[in-house]
Amino acid sequence: MNAALWKKTLYESRWLLLGSAALMFAVHWLRVWISSFFSISALQGMFSFMPELVEQLLPVPFSQIATSAGRIAVAYDDPIVLLLVTVWAISRGSDAVSGELNRGTMEMVLAQPIRRLDVLGTQAAVTLGGAALLAAAALMGTSVALATITLEESVSPSVFVPAALNLFAMTVFLAGLTTMVSSGTNYRSQTIGIVGGFYAISMIVKVVGRLAPGWKWLTFASFFTPFEPQLLVADLTKAWSLSVGTADGSFELGGLGYDSILIGLGLGCYVAAAIVFCHRDLPAPL
Amino acid sequence: MYVETHSLSKRYGQFTALDRCSFGVQRGEVVGLLGPNGAGKTTLLRLLMGYLRPTEGTASIDGLDCYRQSCEVHRRVSYLPGEARLFRTMRARDVIDFFTAVRRDGSGPRAVALASGRFGLDLSRSVTAMSTGMRQKLALAVTLAVDTPLVILDEPTSNLDPTVRSDVAALVSEARQAGRTIVFSSHVISEVEQVCDRALILRQGRVVHTQVVADLRRKHRIRAQLTGSLPPVPESFNGHVTVATNGRGGLMIETPGELSGLLGWLATLPLAEVHIEPLGLRALYDQYHGS
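Chains as they are written, first to last, in numbering that gives the first Met the number 0: chain W, 0 to 285; chain F, 0 to 290.
These are computed hints drawn from the structure, not numbers from a lab.
Worth double-checking, as some hints may not be accurate.
Derived coverage of chain W by chain F (criterion: at least 3 residues anywhere in the stretch with Cβ under 8 Å from a Cβ of chain F; other residues may be distant) [unchecked claim]:
| id | segment |
| --- | --- |
| 1 | 111 to 120 |
| 2 | 199 to 210 |
| 3 | 231 to 238 |
The calculated lysine to any residue pairs, modelled on SDA-like cross-linking and capped at a C-alpha distance of 20 Å, are [stated by the list, open to error]:
| id | chain 1 | residue 1 | chain 2 | residue 2 |
| --- | --- | --- | --- | --- |
| 4 | W | 237 | W | 146 |
| 5 | W | 6 | F | 126 |
| 6 | W | 6 | F | 276 |
| 7 | W | 6 | F | 37 |
| 8 | W | 6 | F | 89 |
Treat the numbers as computed from the prediction; the structure is a model and nothing was measured.
Yeah, the Cβ is synthetic: ideal placement off N, Cα and C, and Gly gets one too.
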């Protein structure tokens, strides 16, 4: 791959990446700090007044959230954390093709002896590297906080590795999906609109599938279903397995299964993006 | 032929952007593409760059297929798009650094000399803070600084002031003297006439006329007002000159070659308000695109 292309891609994404990583670290550090103010028994008492519907919406029971590890794990699917990885994945993915086309700079870049695959490959490498950095910043935030803040019960930072891995896998999927849409569109806003719509529908589908009796199958249609960082912190055996047996004798996916699905789908989307981009006509700058 | 197309066509549904275009450019030749907006000039150049897949026909540069071997083709080509857009987050110097580092034959010092020396650009200025003309000059500098056998310029002088237009024409002439092949499109007929060896006139996606510019320079047009009746054209001029009257006393004579033989006969005619002008590309262009 071309060094100048690497430099340009890193240069363009540097502020978003550094800003997001710093925020990611801060959110996770803060979560541990805030957790240190509450006792487990007080939280258990508070949760006993919560309606059952709320518990149905959560991936883990209240009793798990009341523990120190459970409270800290909430940070891994905190709305701010989701926003950070979503903004990173969608902004970089949409920039890969439709962003450059939209700004008209793709024409000048591809006039050089650079293969289209190299342009996409560099973008993908920086985006996935950034996704890894964001997940690492989350884990780092938790680890540094656990090392410096005293909690009611001791928690090892390694407990949160599956959650960070799951966060990374979700970012990979979202970045791959956005890049695939981007590779076939001419406007960045078009890409963001399509992926944003898909994101919202996926979220609604998961909530409906979880709440409505008889509609559980709907959850399989949402990419949020294999994104369960809190669940993976609660059950470490499940977290480090591809699949686990259930009480009724069937099998369900484990943490590595979740990650494999998300990363597999994400990489599949990248392959589709490469095929589309390498074969499409490039529109003249508009 | 260094650049060659055979029945090259590009269609978008029912719309034909380029229709069975066949032409060739020899090594070291400067060829201009003329035509109004929508004539197919940019489509033709973008097909040569491999940005578009031909609906029909082939295009090759140095024997390489422009679409299938586009990366290899780009090693031989330096291209300036019609709407050259540069990275707005960068300074002019960073843009030059990128485009000279991205290819092995890029020359930073040459690009800097062109941009700041010849075009007078401030390289510390951000691309966002540049005017359209400044950005065009910067794009020209990074394009012309690369030492490739072929240069493709899509309307290189649009957005430029007359002084810089002359600079561009001079740069094209220098590139030609260095033995480089140049294909460029333009709306400015005088520019094509000034620097090109050959001009291709396009209309509605088709090449309707190919003109060697040197031949055109020998052609003349004489316009005058008849003050009496027009005597028969001498037999010696038959087939060499075209004589036409407009019924209101207007006379127009076109000659493809030497004028001297014709001048003696003209002196015998009952004429007033005689204008003799070279039959330039404008007249030819107007035959296809005039109102």
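*Kindly indicate which numbered hints from before are broken by the structure, ordering the numbers from low to high.*
As far as the earlier hints go, 2, 3, 4, 6 and 7 are violated by this structure, in ascending order.
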